[in-house]
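Engineer: Take these sequences, add in the hints, and give me the full structure.
Heads up: the sequence shown begins at 294 in our numbering, then just goes up one per residue.
Check before you lean on any hint, since a few could be wrong.
[Claimed, not checked] Computed spacing ranges between beta-carbons, pair by pair:
hint: 1; residue 1: S361; residue 2: F647; range: 13 to 21 Å
hint: 2; residue 1: A348; residue 2: R467; range: 52 to 60 Å
hint: 3; residue 1: A376; residue 2: I675; range: 36 to 44 Å
hint: 4; residue 1: R698; residue 2: L652; range: 14 to 22 Å
hint: 5; residue 1: D459; residue 2: H378; range: 46 to 54 Å
hint: 6; residue 1: L610; residue 2: I335; range: 38 to 46 Å
hint: 7; residue 1: G540; residue 2: L652; range: 51 to 59 Å
hint: 8; residue 1: A376; residue 2: A486; range: 40 to 48 Å
[Claimed, not checked] Computed cross-link-like contacts, SDA-like style, restricted to lysine to any residue with a CA-CA straight-line distance of at most 25 Å:
hint: 9; residue 1: K533; residue 2: A511
hint: 10; residue 1: K729; residue 2: L741
hint: 11; residue 1: K386; residue 2: S361
I should point out that these hints are in silico values taken from the structure, not numbers from a laboratory.
Positions of the beta carbon are idealized from the N, C-alpha and C atoms, including for glycine.
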Amino acid sequence: MKQADKDSPKAEKQGGWPRRLTALWPEGEGLKLAVPALIMVIIAFIAAHQFVKPAPPDRLIILAGPQSGTYFQIAQRYQTALAAHGIAAEIIKTSGSVDNLNRLRLNEREAMIAFAQAGISPQMLVAASNRNSDGDGDSPAAIEALASLYYEPAWLFLRDDVQITDFRDLAALRIAKGPLGSGSRALAETLYALNDLPFETGAEQKAPDQLSGDDALAALVLGQIDGVFTVGSAHSPSIKALVAQPGLSLFSLPRSHAYARRLPYIDALELPQGTLDLARNIPQQDTALIATTAMLVTTADLHPALIDLLLMTAQSLHDQAGLFEDAGQFPSAHKLSLPLNEDAARFHRRGPSFLQRVLPFWAATLLDRWLVMALPLLTLLIPLLRIFPPLYGWRIRAKISRPYRLLHEIEHACSDPTLKQSPGKTPAMDRDDALKRLSALDKSVENLRVPATYQADLHALKFHIQRVRDNLLNAQKNDSDEPPLSG
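Structural biologist: Here is the structure:
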């Protein structure tokens, strides 16, 4: 009855997974090997996790320029594109390129990008030194470029009554060069220095040389200034306004190729006659210009997944042909004045990864992080999986070999009843003692559980035990049948 209860469905259900586990790994031999291996895998997983970057942030700050500028318009396009991938981008108005780079340098570990004009020198970034002088011990963040996005020509518009033939003639003119912190003023300062011209800086924000946009155009029309020097896309509202204003002409810059040779971030461009306005034939002749580039920049610690997403966005927004750009020319890893980010350099060489091409942004990012953790685990699991089967087989064979050794001891001890106990020798035993030890050995072997592939070895052991028992019983019977010796 008890045996029936033990084999009942209820008992089987209560046994459940322990029985199945024991059948798979008899007497826990597999577990004795699997548990240390599992601990090693967990340790490797924890170690690998330390080298995996956390998930990318879902919020990003974009440092643009003035609300009326091209940077702000482009920032809005990036904001819309990033929102489609679940990234909330906040646009912050600034004074321009220098202001953007200064704010990046002082970034308090927020995910932040900016648009900046190539060619801003470290000497122009004065805010960083001011920050260090506060005594707080913080170092400015390292700034790196992700790509150049498009050409930003330098435009010099003069009143028609102003006649000059060379850039050096600007020394005697009143030129608006843009506000402090703007890229236009930064490039103007560089060009003035190359031509050994004095560069005056107005003390007040509304000083004539700091005017830009509508204020500069109004001052130009009223005759308060002689010209406007500005840097920006041909599609920017301020450039369009200057082109549309009667009585102004665009200056053709002599020695444009010389500037391009002296400044690595500068290209010499030619604007054909009538390109800006065919009806009014503006410009009225082929015009030589120089152009820098607009850069997408960030801090060195921006998440790599965000870098890839930003560059994929840049590809979709800036790879078309323009007035000066060929199709596919931008975004580019060239014409930069800041170090190129390593992840961005990889993207420019190879493009987006396979996962990024076929999966949504967050899914690709999650799977990529898993793969980074899986690679070191696989390097550990593969040798473990190769070692586990032979090690497991060795332990099973060792279980069968131990009873064999005891059986051989019993058989050897009984083969010579006169064998005496001595160092290194098995003590002799009589047949009754041997039979008792064989019975105990037989019971222990009956309790052995081995996989099906080792059942033949187990049956051979049982056969040998039985053969030794039969030999002992036959010898014992022969001894009892012998007549006693007569005196």
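Engineer: Could you check the structure against the hints above and give me the numbers of any it violates, in ascending order?
Structural biologist: 1 and 4
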